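2 protein chains.
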Amino acid sequence: MIEQLQRLPGVGPKTAQRLAMYIIKRSDAEVEALAQALLDAKKQVGLCKVCFHLSAEPICEICRNPQRDNETLCVVSDSRDVVAIEKTREYKGKYHVLGGVISPMDGIGPEQLTIEPLVRRVSQNQAKEVIIAISPSVEGETTTLYVGQLLKPFTKVTRIAFGLPMGGDLEYADEITLARALEGRRELD
Amino acid sequence: MIEQLQRLPGVGPKTAQRLAMYIIKRSDAEVEALAQALLDAKKQVGLCKVCFHLSAEPICEICRNPQRDNETLCVVSDSRDVVAIEKTREYKGKYHVLGGVISPMDGIGPEQLTIEPLVRRVSQNQAKEVIIAISPSVEGETTTLYVGQLLKPFTKVTRIAFGLPMGGDLEYADEITLARALEGRRELD
Chain A
182 MIEQLQRLPG
192 VGPKTAQRLA
202 MYIIKRSDAE
212 VEALAQALLD
222 AKKQVGLCKV
232 CFHLSAEPIC
242 EICRNPQRDN
252 ETLCVVSDSR
262 DVVAIEKTRE
272 YKGKYHVLGG
282 VISPMDGIGP
292 EQLTIEPLVR
302 RVSQNQAKEV
312 IIAISPSVEG
322 ETTTLYVGQL
332 LKPFTKVTRI
342 AFGLPMGGDL
352 EYADEITLAR
362 ALEGRRELD
Chain B
182 MIEQLQRLPG
192 VGPKTAQRLA
202 MYIIKRSDAE
212 VEALAQALLD
222 AKKQVGLCKV
232 CFHLSAEPIC
242 EICRNPQRDN
252 ETLCVVSDSR
262 DVVAIEKTRE
272 YKGKYHVLGG
282 VISPMDGIGP
292 EQLTIEPLVR
302 RVSQNQAKEV
312 IIAISPSVEG
322 ETTTLYVGQL
332 LKPFTKVTRI
342 AFGLPMGGDL
352 EYADEITLAR
362 ALEGRRELD
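As given, the protein sequences belong to chains A and B, one line each in that order.
Here our numbering runs 181 ahead of the position in the first sequence, where the first position is 1.
Here our numbering runs 181 ahead of the position in the second sequence, where the first position is 1.
Hint data in this document are derived by calculation from the structure and do not stem from the laboratory.
Treat the hints loosely; a few may be bogus.
Repeated chains share a single entry, so a pair holds when one copy, or any two copies, can fit it.
[Stated by the list, open to error] Each computed EDC-like pair below joins lysine to aspartate or glutamate, with the alpha-carbon atoms no more than 16 Å apart: (1) Lys309 with Asp250; (2) Lys273 with Glu310; (3) Lys333 with Glu297; (4) Lys273 with Glu356; (5) Lys337 with Asp370.
Since the structure is predicted, the reported quantities are computational estimates derived from the model, not experimental observations.
Just chain A, with the same shape it has in the complex:
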């Protein structure tokens, strides 16, 4: 059991041992309930057929929500990013989860991601804007530019802003962030 638990993210040998000791001391019923919850979740949660976000239903709650704006699509690399953006309560459009970023070093090319379904979706739909919201790593930049080129024939393609984080102090910002903040300056309303 300790070996298995150690494979979980953020669980080292010591934590695995502590979890194992805890589980052993529980009643049979409690351990069975935990084990069953893992199996059920694994069986029930799949990917939304439309946007590839995690979902217990064939089509996820966001895609099914008629109050969400159908004309804006936000492209993210991971389901966790959907959760992060939903927390802002600022975005009312729909999503498309790529399932990763293009990373030749790790053997991940465009065909390993949901880029083809995305292009099909945008070319068939009436999306007025696609917002690419991918973290600014080397792989993220590559993916943003690649996806952007494919979608531009069909719609307006934007990307999220890079610059100073809120509460961030100019003085403590790294040079690349500051350079991007200057480069991305906007006219004051």
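Following the hints, complete the assembly by docking chain B onto the known chain A.
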């Protein structure tokens, strides 16, 4: 001496004591050289008459440099921000240091800052763009909007971008930063 040293930023009682012990063990000449360096720096370094950046000369090196672009002016709150932006090596224009931000709570109004000389400078000069680069705190926002309103009759006024810092992960960005990054999105080239 310990009492005096403790007034320096980041120096607590223990560090002050350690510094004091060190200084006492130096030779007379060494301590005199240190004391003189403090006095000389304090006497020689003043504010540039044009941009209010720290300078040993009446007009600072950046203002005197004929290779810097006279048509772009970057407004910052503090001399440290000039140093931070210079490190990016991306900015070739000149600066204006406000000497703080508007903060009624601390009794700092516009008249305590170098806003009047800034307006005079912009109204008389041929600056094509003024970039306001002030950290995004409540006081920073107030100052940006106040200065922006005063300068808009004379020139184009922009502000630096706020959004995801470089290397930052979407998933770990706070909600306000993410909301600003979405709001400030730009069309992909």
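We went through each hint and held it up to the structure:
1. Lys309 with Asp250: within (10 Å within a copy, 40 Å between copies)
2. Lys273 with Glu310: Only inside one copy: Lys273 and Glu310 sit 13 Å apart there, 35 Å across copies, limit 16 Å.
3. Lys333 with Glu297: within (14 Å within a copy, 47 Å between copies)
4. Lys273 with Glu356: Close across copies (15 Å), not inside one copy (33 Å); limit 16 Å.
5. Lys337 with Asp370: between (23 Å within a copy, 11 Å between copies)
Comparing the model with each numbered hint stated earlier shows that all of them hold.
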